[in-house]
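> Chains as they are written, first to last, in our numbering: chain A, 19 to 312; chain B, 1161 to 1548.
Quick caveat, the hints were computed from the structure, so don't treat them as lab data. Don't take every hint at face value.
[Claimed, not checked] Which stretches of chain B does chain A cover? Using the computed rule of at least three CB atoms under 8 Å from a CB of chain A, they are:
1. 1213–1221
2. 1370–1378
3. 1382–1392
4. 1411–1424
In this text, all values refer to a predicted model and were calculated from it rather than measured experimentally. For glycine and all other residues, C-beta sits at the position ideal for the given N, C-alpha and C.
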Amino acid sequence: MPSILPQLIINGLIAGSIYALAAAGFALVYYVVKFQYFSHGAMIAAGAYFFFLFANVLGLSFAIAGILAIACTIIITLAVNYLVYLPLRKRKATSNVMLITSVVLLMFFSSLILALFGSSTKTLVLGSEGQIFDFGLFTITSLQAYIIFFAIALFFVLYLIMKKTRIGKAMRALADNKSVAQVVGINPERVYTYVFIISGAFAAVSGILVGLEQNLYPKMGVIIIIKGFISSVVGGLGSVPGSVIGGFFIGLIENVGVWYLPTGYKDLISFSVMILFLLLRPQGILGVKLRDDT
Amino acid sequence: MKKTVQVLLVFIAIILVSCQVQVQPEQPASRPSAPAPAADTSPIKIGVMYPLSGDAAAYGLPIQKATQIAVDEINAKRGIKGRQIQLIYEDSKCNPKDGNAAAQKLVNIDNVKVIIGGVCSGETLGAAPITEAGKVILISPSATSPDVTNAGDYVFRVAPSDAYAGVVASDYAFKDLKAKKAAVISESTDYAQGLRKVFKENFAKLGGTIVADEVYNPEDTDFRTQVTKVKAANPDVIYVLPQPPQKGILLVKQIKEAGIKTQLLTAEVLIGRNVVKENAVNFEGMIGIEQKFDDKAPKAAALLAKYKQATGEDAPFPGYMSGAYDVVYLLSDAIGKHGMDTEKIKSYLYAVKGYEGAVGKLTIDQNGDPIMDYSIKQAKGGELVTLR
Chain A
19 MPSILPQLII NGLIAGSIYA LAAAGFALVY YVVKFQYFSH GAMIAAGAYF FFLFANVLGL
79 SFAIAGILAI ACTIIITLAV NYLVYLPLRK RKATSNVMLI TSVVLLMFFS SLILALFGSS
139 TKTLVLGSEG QIFDFGLFTI TSLQAYIIFF AIALFFVLYL IMKKTRIGKA MRALADNKSV
199 AQVVGINPER VYTYVFIISG AFAAVSGILV GLEQNLYPKM GVIIIIKGFI SSVVGGLGSV
259 PGSVIGGFFI GLIENVGVWY LPTGYKDLIS FSVMILFLLL RPQGILGVKL RDDT
Chain B
1161 MKKTVQVLLV FIAIILVSCQ VQVQPEQPAS RPSAPAPAAD TSPIKIGVMY PLSGDAAAYG
1221 LPIQKATQIA VDEINAKRGI KGRQIQLIYE DSKCNPKDGN AAAQKLVNID NVKVIIGGVC
1281 SGETLGAAPI TEAGKVILIS PSATSPDVTN AGDYVFRVAP SDAYAGVVAS DYAFKDLKAK
1341 KAAVISESTD YAQGLRKVFK ENFAKLGGTI VADEVYNPED TDFRTQVTKV KAANPDVIYV
1401 LPQPPQKGIL LVKQIKEAGI KTQLLTAEVL IGRNVVKENA VNFEGMIGIE QKFDDKAPKA
1461 AALLAKYKQA TGEDAPFPGY MSGAYDVVYL LSDAIGKHGM DTEKIKSYLY AVKGYEGAVG
1521 KLTIDQNGDP IMDYSIKQAK GGELVTLR
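Chain B extracted, bound-state conformation (with noise of 0.2 Å):
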């Protein structure tokens, strides 16, 4: 028995270590140099956490880079009253304890008032009790976790609740695809877990079924049991919610392999215009779900251009990049009427009403949220068309 102890802790050792094995940036974050010598021209420093790294990183680096043509933008034009904007890059991994993580550096050791982040749900969840301690304000480009709108006062988005994502899911899926049964697939991520919950809710609701309703964890990559139960309840329609594409795009797969032929309806996260292209054959017919965008107003199509000019690839979550371009502007818009006045910032932001942005005429609620529109897309030849 004493060796059997000895077995017993190894592996319990072997579990903690591994967790240890950490993601790391794969870009050097660019950090502030020397302290600013004169008041007046010092740079305005405004910190930013995305996911840089890991699999997340496949939206987090494109809306990084939207940030950074804004910021360029604004810096070659003078930027702030003749105060260039300096971004710090945080890493913040898409989950919770790394977006907490990165609100501590941030807000405590470079000493930010505004961060723009994060792009997913759970680190922008894991940031808010740092950054509404301190007062600071935190804006995000693209969470959508109905959870986020409570979040607190300096909390901020420009893409909408999933509140509504997973009312428009149900709806188009019991009215349009006359489903009466629905299977949901999720990872067990704030963002999926959100859509997922809405989704059941309002299917029920309607009148319609949830005949299975499967959960996976964010490590896993066998998905052959989920979809087995699944093809077994025999579903209308199965919902898909990934949360970075990688793992939405093995799930299509084993689920494609398993023969099944079922509709499938997804959230924003798998139509990411590059992902429908690569994967055309597994993705054809799958109608997904994304805020409405006009990817042909003036603003959109210019950030549009510059990005495809700037990286050779046509960009992938233009919705999201669009918020976070406009992220930006409003915040130095703010932040030159104001300086940083957290608290007059945040007042501003509650009064942003029809600004026209990138991203479409942009409106925030009482509660830090965007009042927006959602389109209905589908694959079809590795293309998205839009079906309502």
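Isolated chain A (complex conformation) (with noise of 0.2 Å):
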């Protein structure tokens, strides 16, 4: 029998790459602005309808189509950022409050959907993604490929923003400590603002991935963002090269897990690696340690 381990990696990194990108945007959130993003999913799944809309519903060209997509994502963040937590911010809301409303409107956005474009799955047409790459050992498909491709590129632009940039710094400085970010004159709701923008823009993108790749449904949002929170759980919350690693980490124990067992598991191989992670490692992967920011 030939070895199916090589083609079972290369799922399971273009199933880390999904994970990996919509726990690289929880994480951002988390690790600056100190809350349970799970309304992160629903941008995702906004990103992806926007999407859907721009190129198959109105026949725009993928290139404006992703760009409106992307544009009209950050925009709803932006929305949702101050219509509904900036208020709550200011109320200096627990991180309870803040999780319930994330996940409330992450539910709310899915039946947003829902009503919208109906319960149908949508299929994203796209010209080239069925060209298939048979490197022997392993195939490939050109939109697989893309996939990897953007989610890594992301990942070193976010990791250039976050290092070399003012905008960046100031972020990493909230982070350590608010109080003394401010006292240095830092503005806590302007670099929030950036944040959103770019969990926004990482949201959009991923949902466009994941459209192109496993097609689009209302649900499609909490599907994801469950994978991105276990991801970020397992490679660190708080850290985000940590979620990063742990999207990775997910995809790859997942798809090669079921090597072994039946592929019905899946699901249960990283519910269990996330239990483990919270037991025996709670800090994650690169072990930034979890501390109560209430």
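The task is to assemble the complex, starting from two chains supplied on their own in separate frames and drawing on the hints.
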């Protein structure tokens, strides 16, 4: 029997890229703004449906549809921040309240998409996604290669923003110690706006990629953010690079794990891994200590 | 550790809440308005439970249309002895839970004595305990799981049991395709699992080997691992068993993307005429098995023409749609003869023999199942060609 391991690893990388993209947006908000940002899943679904609207319904070219989808998703992300999260922050809402709000928003947007687009699965049609490259040991389609490429490129860009730019430094300063950051003249709300712009862009790109690869359905955001959350926990809550590593780790372990197990057990594997991490290494792979941040 | 527990609790809460995001019907079900005044001309209420939203609406809606066509025809000709037929629709969403809820509502709130549906096996099996307890007739145009055979005394259907379809598929794979090694990829629903079980048993009995047997969950969209395992097993034929067509389309796409050129074999759900047309490239050469159906027979041809006139598209699932059409006529004849006496309607249905319906010559056996033949079709250039 020819070994299927290389193909499983490739499958894991594809799934991992998607998880890591979802986890990165979630983790960035958690890292800087300090709350469990589950409505990121809703923004991913929004990105996918915006793209569907522009590319398939209105028939715009892929590049234009992509840019419009990213822009619209950023606008919605900012709108949610200003209309919901900002008033809550001003009222000094506890992290529990923020968490519940973000979960409720996730449900709200799933239902809204359901109401607007209907419950049936939508397919994004892309001209060249079907092109298959066969390397003998494994095959990969051009679209899947794009997914991995885009994910890695985006992580690199995010890394540069965080390390090299003023705003990135301000984000890290806020994440480290909000009071001190304010003392040195950083305006938290201004920085948070940038955080939501970046997370919105991430959401749109991951939504488009997921939509192209696995179709669109109203609950997609819920399913994706659960995996993104698991990735974040495993990689280390509060660590953006950790959540990216966690995403790839979960993608790989799910796909390689079913080499031995029936494929229906995929989710069982990732949930078990998360529980093991919570019990044995709650700080996650990158070892950022979980602390109470209320 | 306190934080750990908190994170876990939150997580459980999210999963629970996520289960609550329910699919809502895309179109409002027609409901009875005011209670009828006079007994003689009051409408005859018949419950209908079909998947009207979600991916399974791909067959639920066309079957609903065919049902409505039959009712409109009857109502235009004085209905049943001057009483109009009134359909009460419920969205049973192709799963046992919502099938059960739909039956509860129709039986206990609308007090119907006869229910047409469900379309899917799961929703039919979910509804059967309720209709059985209420001595309500449940007659499905298209549920094919072998389990429906023994679901109850008041449960009927006009689509053949997959106890036969699975045998026909495995016979064809082994004898005609000369396959010795078969792989099965199936969705974990009553319908697909019924076919999978029968196929596996019969293929092994014939002397073949099942080299891969992969199951996926209805909410899955990533089948790459299943496909990788199937590819590694190097089968001669792959039997593809989705529940709604959308999942099957995605699965076939991922099979083709993995570079698999093995002959694909599937069941009726994936060879809907529109599905074959829209996926001409990926579906090329795929063989599907469905109940035998003559679309040139007068009743069938008239129904299909009406459907095309009303919707502007070719009937996607002509066999099932004809079944739904016949069910309405059988029921209206039975109700016309016996009123709403479900014991007598039940006996009437068990006695159906050689009825000339749109679906063909219809005979119902002692289990409430029809006796029917199958035809084997192949997708070629976006069209279906009959092989046998």
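> So which hints don't hold here, by number, going up?
none
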